[in-house]
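Novice: For this one, chain B is given, so just place chain P on it according to the hints.
Chains as they are written, first to last, in the numbering used here: chain B, 99 to 372; chain P, 399 to 757.
Simulated from the structure, these hints should not be mistaken for lab results.
Heads up, the beta-carbon is just placed ideally off N, CA and C, and yes, glycines get one too.
Careful, some of the hints might be misleading.
[Stated by the list, open to error] To list a few chain B residues with every Cβ distance to chain P over 12 Å, as calculated: (1) Asn264; (2) Thr334; (3) Met355.
[Unchecked claim] To give an idea of the chain P side of the interface with chain B (calculated C-beta under 7 Å), a few residues: (4) Glu469; (5) Gly609; (6) Lys613; (7) Glu628; (8) Leu736; (9) Met740; (10) Leu741; (11) Asn745; (12) Glu750; (13) Lys752; (14) Met753.
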Amino acid sequence: MENSSKRPIYLLPYYLWIALFVITPIALVAYFSFFDLSGNLTLENYRNFFTSVYLRMTLSSFWYAFLITLFSILIAYPTAYLLTKTKHKQLWLLLIIIPSWINLLLKTYAFIGIFGLYGPANQFLEFLGIGQQQILFTDFSFVFVSVYIFIPFMILPIFNSLDKLNPALIDASRDLGASSWTTFRRIIFPLAIGGVKSGVQAVFIPALSLFMITRLIAGNKVITLGTAIEQQFLVTQNWGMGSTIAVFLILFMFIIMMLTGQRDKGGTTNVKTK
Amino acid sequence: MKDIIRISIVLLAVSGLLLYAVSLLERSSATTGSGTISVFNWGEYIDPELIEQFEEETNIQVVYETFASNEAMMTKIEQGGTSYDVAMPSEYAIEKMKESDMLLPIDHSKIPNLENIDPYFLDLPFDPGNEYSIPYFWGTVGIAFNPTLLEDGQTFESWDDLWDPALSQEVVLVDSAREVIGMGLNSLGYSLNSTDMDKLREATEKLKTLGPNVKAIIGDEIVEMMRREEAAVALTWSGQAADMMWINEDIDFSVPQEGSNLWFDNMIIPATATNVEGAHAFINFMLDAEVAAQNADYVGYSTPNEAATELMDPEVIEDERFYPPEELRGRLEVYENLGLEMLGVYNEFFLEFKMDMEN
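Same shape as in the complex, but just chain P:
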């Protein structure tokens, strides 16, 4: 019994000291500026130096957190455990959040840098007039491949090239229902926003025959796998492909002819935000030409910031794999918000595909 009391006292004393230390640390970091903002972003989707620069320039402290999927992000914002001030969802998620009143309107007068954005990326159907969202990055879905690990002359002009028997156990897919089922739909010439059960069924059946070529269905680990030449072919987002190419120069990227997904990630202010002023300041800061150029350089995705592209390496900007010209963008489709019902259906088909992959 004595021991228990002694241990309890020691534990209490240690926790007390730790608490005190934490409060000291927090006091020193929270400067007297306009407080803090919480930014909720995808993983590896910002140059950390820019966060520091923002903190120095504005005296606003940034609490930075990351998420792995639009759905996870929305769930967390909805639950309201933490109040985030800025988040970067994709277009269909913005549509959905708008419908459920999860967004605050953005005051354009506080974002003078908005003029830097290429008008092509403004006033898009998912948010007319950019009332609730400001463009951050955009990109496509395509095939990253490493020619040194493949037979000579293997190209990926068509989705059907993935079914080539020579690629046995070489293809990795992103673990995301809309990308994979969408690829199946595209390969059959259907829209990747299809809600027709017969077409979805047909796409799933076709995907099952891809089984022998599939090495794995994984998340962000795809980048490491490709970099280390563990896998030769990957269905992935353009920016992830850029990440791979940054380290392993052999890797190439292609968006097949049948069409693919064109996506936009925009900055939004959730309805639960506590520092709306700070959020506007952050959005405006990210749109600054030099900041956006540095960020695009670091992240590797395509920036919608026209002023920034002028500051960037022309070789990057003219690379049609990552900055497809407008006429090429015509064969790309933007995801529509299909509703939770349909998302469920996509996921059931995806699950079925995973279960029934032919080996």
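Only chain B is shown next, with the shape it has when bound in the complex:
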């Protein structure tokens, strides 16, 4: 299509972008993590990270990120599967994508009202005769709101990989006498696993570093690494410690990327291809 010798010029913006906005920030974060408050070179921050407070915070971040991802998959997979069967796929898909255009904070604030003692959620519970419950500031509300916010990022890649599945394969499986369950287990699931993996990356990693929702919806009863980073930078002004936590967050991300990485060339993995 294009003369191959010209290609490096087209790649220049990409390389510039990567250098300025990916490599430089990560390098800066790594650099700052070796300094203490008074600007001395030290490994103290790393030692500090391995104290019980931060280790337990890491564990709890992982636990909640895991819950959020799990519930996202449980809801997104059947939804995506149903979507591929509907007549106006693109319209339904659009309806799912539109809410993700609205600012995350606005949606979060809306939930403060919805989950409040006098909000619609509690009115419904009272209507059912269960009575008023404390919904806001609980683990439940935190996971619920997070799943609500992340779900489009799980549905899209799963939908893409399911939609690209060759229907002939499913017909073949049926013809050869496989039950629907076996077809799903042996054909659909393995072929669409790429979408699930991309979805996990798009949900699990941001979920690890959530911070506004932990205060607004969970009332700081859920503490994640994101909360700690925010505090270190804005309150304590301890950029070194904040950077150290960020370094670990980046490490965790790489590990997750590796675990969910694609070995085959399925071509169904890109979240952005719609």
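Specialist: Okay, now just chain P, sitting in the frame of chain B:
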């Protein structure tokens, strides 16, 4: 390819038009007076009408921005992305900014309205002679509560009342390390400027047992929560309590006997200011008796402006919950600047408290 070119042209044309529109708008707002000043203040901490009045009187345009914590404010001023001309930090932050040469001295000859200020609020230890700062508001930390949602006779004369088992899941705390850890220290009879690790540890351990009563640890949302009766008890600043009471008259406010925090927010001029003249004019304007009275009325915090208090509703001024008389102020403590090291320690303890709240 054609499409891409067409889209690019349209985008460029639209952005060009928008840029032109913005420049038109800016030209019309920037009048020929003495330019603009940028004011950096806490959220909901000024009557917006007063900004307009100032603009009309002086022809100086005000660019107004808000911050949520002293620390965030200092970080932003230090980075120097925007040069602010006036800011309203609290006393310990002023001390810190003074140490790091972030302030310009204030020329008292340009602030004739300084005579309106109650001498009690001048020449305080954090800024002797008010060389760098001029009083704006002051207040305390205490407990706001809604008696209609509580058992009869529940009072908050002591911090320990917060630990009452009857308050299960009813208490909201401000998300701020010094206020919460300070409350723990005060409840044990220690100073809220304590730097003794054992005392801090003891206070944190005691705070952890408050867990079952804690509904949430949140920011400014506290005001809305109390107004809508989502929560019955809140550890908060006096002015926030006044905000709550403004809407929901059932709410009451109490400063416990063991002592609490007395704080001052003063106006300062950062070293990075570009319009020092305008900044002085603004500070002087805010100290005008009528302006200060209107502002105090709107904001709800306590004003140090003696001339203004004479113009205000006597009921407000005599309310000892918000204007504690001097002998009562004796049991209140002003935050000292404990240094970044110690602030870090307070925050680690606060984090630990959040992680380990018993449920």
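Novice: Hints the structure violates: just list their numbers, smallest first.
Specialist: When the structure is compared with the hints, numbers 2, 5, 8, 9 turn out to be violated.
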